[in-house]
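Asker: Those protein sequence lines, which keep their order, are chains A and B.
Here the first sequence is numbered in the numbering used here, starting from 2 and rising by one per residue.
Here the second sequence is numbered in the numbering used here, starting from 2 and rising by one per residue.
Note that these hints are calculated values from the structure, not bench results.
No experiment lies behind these values; they were computed from the predicted model shown.
Do not rely on the hints blindly, as some may be mistaken.
[To be verified] Restraint ranges, calculated between C-beta atoms of paired labels, are given here:
| # | chain 1 | residue 1 | chain 2 | residue 2 | range |
| --- | --- | --- | --- | --- | --- |
| 1 | B | Ala-41 | A | Arg-35 | 36 to 46 Å |
| 2 | B | Arg-177 | A | Phe-62 | 35 to 45 Å |
| 3 | A | Lys-197 | B | Met-178 | 42 to 52 Å |
| 4 | A | Ala-26 | B | Glu-38 | 43 to 53 Å |
| 5 | A | Asp-181 | B | Ile-213 | 32 to 42 Å |
[Unchecked claim] With a straight-line Cα cutoff of 30 Å, these simulated DSSO-like cross-link-like pairs (lysine-lysine) come out:
| # | chain 1 | residue 1 | chain 2 | residue 2 |
| --- | --- | --- | --- | --- |
| 6 | A | Lys-128 | B | Lys-128 |
| 7 | A | Lys-197 | A | Lys-23 |
| 8 | A | Lys-77 | B | Lys-23 |
| 9 | A | Lys-23 | B | Lys-77 |
| 10 | B | Lys-77 | A | Lys-77 |
Yeah, the Cβ is synthetic: ideal placement off N, Cα and C, and Gly gets one too.
There are 2 protein chains.
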Amino acid sequence: MQLHSFFNSSTSYRVRIALALKELAYETLPVNIRVGEHRAEDYVANVNPSASVPALIDDDFRLGQSLAIIDYLDQKYPEPRLIPLEPALRARVLEFAALISCDIHPLNNLRVLRYLETELEVTPQQKSSWYRHWIAQGMAGAERMLERGNTGPWCFGAQPTLADMCLVPQVANALRMDCDLSPYPRSLAVFEHASKHPAFEAAQPQRQPDYIA
Amino acid sequence: MQLHSFFNSSTSYRVRIALALKELAYETLPVNIRVGEHRAEDYVANVNPSASVPALIDDDFRLGQSLAIIDYLDQKYPEPRLIPLEPALRARVLEFAALISCDIHPLNNLRVLRYLETELEVTPQQKSSWYRHWIAQGMAGAERMLERGNTGPWCFGAQPTLADMCLVPQVANALRMDCDLSPYPRSLAVFEHASKHPAFEAAQPQRQPDYIA
Numbered sequence: 002m003q004l005h006s007f008f009n010s011s012t013s014y015r016v017r018i019a020l021a022l023k024e025l026a027y028e029t030l031p032v033n034i035r036v037g038e039h040r041a042e043d044y045v046a047n048v049n050p051s052a053s054v055p056a057l058i059d060d061d062f063r064l065g066q067s068l069a070i071i072d073y074l075d076q077k078y079p080e081p082r083l084i085p086l087e088p089a090l091r092a093r094v095l096e097f098a099a100l101i102s103c104d105i106h107p108l109n110n111l112r113v114l115r116y117l118e119t120e121l122e123v124t125p126q127q128k129s130s131w132y133r134h135w136i137a138q139g140m141a142g143a144e145r146m147l148e149r150g151n152t153g154p155w156c157f158g159a160q161p162t163l164a165d166m167c168l169v170p171q172v173a174n175a176l177r178m179d180c181d182l183s184p185y186p187r188s189l190a191v192f193e194h195a196s197k198h199p200a201f202e203a204a205q206p207q208r209q210p211d212y213i214a
Numbered sequence: 002m003q004l005h006s007f008f009n010s011s012t013s014y015r016v017r018i019a020l021a022l023k024e025l026a027y028e029t030l031p032v033n034i035r036v037g038e039h040r041a042e043d044y045v046a047n048v049n050p051s052a053s054v055p056a057l058i059d060d061d062f063r064l065g066q067s068l069a070i071i072d073y074l075d076q077k078y079p080e081p082r083l084i085p086l087e088p089a090l091r092a093r094v095l096e097f098a099a100l101i102s103c104d105i106h107p108l109n110n111l112r113v114l115r116y117l118e119t120e121l122e123v124t125p126q127q128k129s130s131w132y133r134h135w136i137a138q139g140m141a142g143a144e145r146m147l148e149r150g151n152t153g154p155w156c157f158g159a160q161p162t163l164a165d166m167c168l169v170p171q172v173a174n175a176l177r178m179d180c181d182l183s184p185y186p187r188s189l190a191v192f193e194h195a196s197k198h199p200a201f202e203a204a205q206p207q208r209q210p211d212y213i214a
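Work out the full structure: start from the sequences and follow the hints.
Answerer: Structure, rendered in structure tokens:
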């Protein structure tokens, strides 16, 4: 198995956690999105029509989009299960994952921050306010979801799920951008717990072969 | 069953299509996001911690986030199935749905366009360019996915799936914003086909009880 990945991409990070939890061996194929390698003609035409990272190659099957990849892995390699089968828990996990992956991450990723800088010519202060605004809105929602259903140590119970796979890279990203996350203690507690777990550790940006300090 | 919905919300539209395809009766509970009803204290605390539409109420279970709701409906009311079980088809459907719901829609929804106007004070021309930029990037990806796997009349075969539920509201939104979608003929063909289907028709904004002309 191979994974087209960028060390600092939150969506790649999600899939790396899933692969590590399932103990699936894979080769990292670095795609440097800072220099536009995700838009290279061959990559877009033959690997990932989304023109993004990550993309999984499993035998001849090539699949983009982190949420689709994790579902695919969960179907094919069900142990440990990352998207629970019990209906209410499953719904809560998918709801949480959608909050992170649809309501927070898309607004603060590299291509959007670059558009703000180059096309809208925002000031560094405006860019920072943009980033913090969507973190604050989204993380407040995440925290409310955890207040409703979180018993720890993971987002939804005793086992890590897709929810944790989405939360941890998002929190790491926000901390890197110096956001104050103290209003979200349950989210931070999950993040702290995860940071000591070997699969989550193995997936961290600084452990990747394409890491740039 | 009840659905908190706004007529013009693409994410509500997705769920309305799913409910109509499954022929599930429901009551519409309008939430006017233009005046901030989705941020009302009671709604956020007791219905939808995401502070958004849609939210489904099924007996005592309350669930937000359109993708989570459609998965929940598919588990509980599996006919017709909207997220296929066959692994490769399932992966393609989820990949396509993620492209629309993570890479396009979050950048062009009401709260983001309002932020551009009020906080960044962009010109109408800049706002229009922003909208068109993300439509062009995302729809090019959608079209590439359909070129790889589309045999018609729906995105991925003879039956509508979650992919169509994501594509149709996005295309309707882009057409309303006067985007040129002629570079995406396969997407447009699916949209045209869907517009004649009773379940997709019933879910259209102008058919909703809270429609404002």
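Asker: Would you mind marking each hint as holding or not holding in the structure?
Answerer: Results for each hint:
| no. | hint | verdict |
| --- | --- | --- |
| 1 | B/Ala-41 / A/Arg-35: 36 to 46 Å | holds (41 Å) |
| 2 | B/Arg-177 / A/Phe-62: 35 to 45 Å | holds (36 Å) |
| 3 | A/Lys-197 / B/Met-178: 42 to 52 Å | holds (47 Å) |
| 4 | A/Ala-26 / B/Glu-38: 43 to 53 Å | holds (50 Å) |
| 5 | A/Asp-181 / B/Ile-213: 32 to 42 Å | holds (39 Å) |
| 6 | A/Lys-128 / B/Lys-128 | holds (16 Å) |
| 7 | A/Lys-197 / A/Lys-23 | holds (17 Å) |
| 8 | A/Lys-77 / B/Lys-23 | holds (28 Å) |
| 9 | A/Lys-23 / B/Lys-77 | holds (28 Å) |
| 10 | B/Lys-77 / A/Lys-77 | holds (22 Å) |
In summary, the structure agrees with every hint in the numbered list given earlier.
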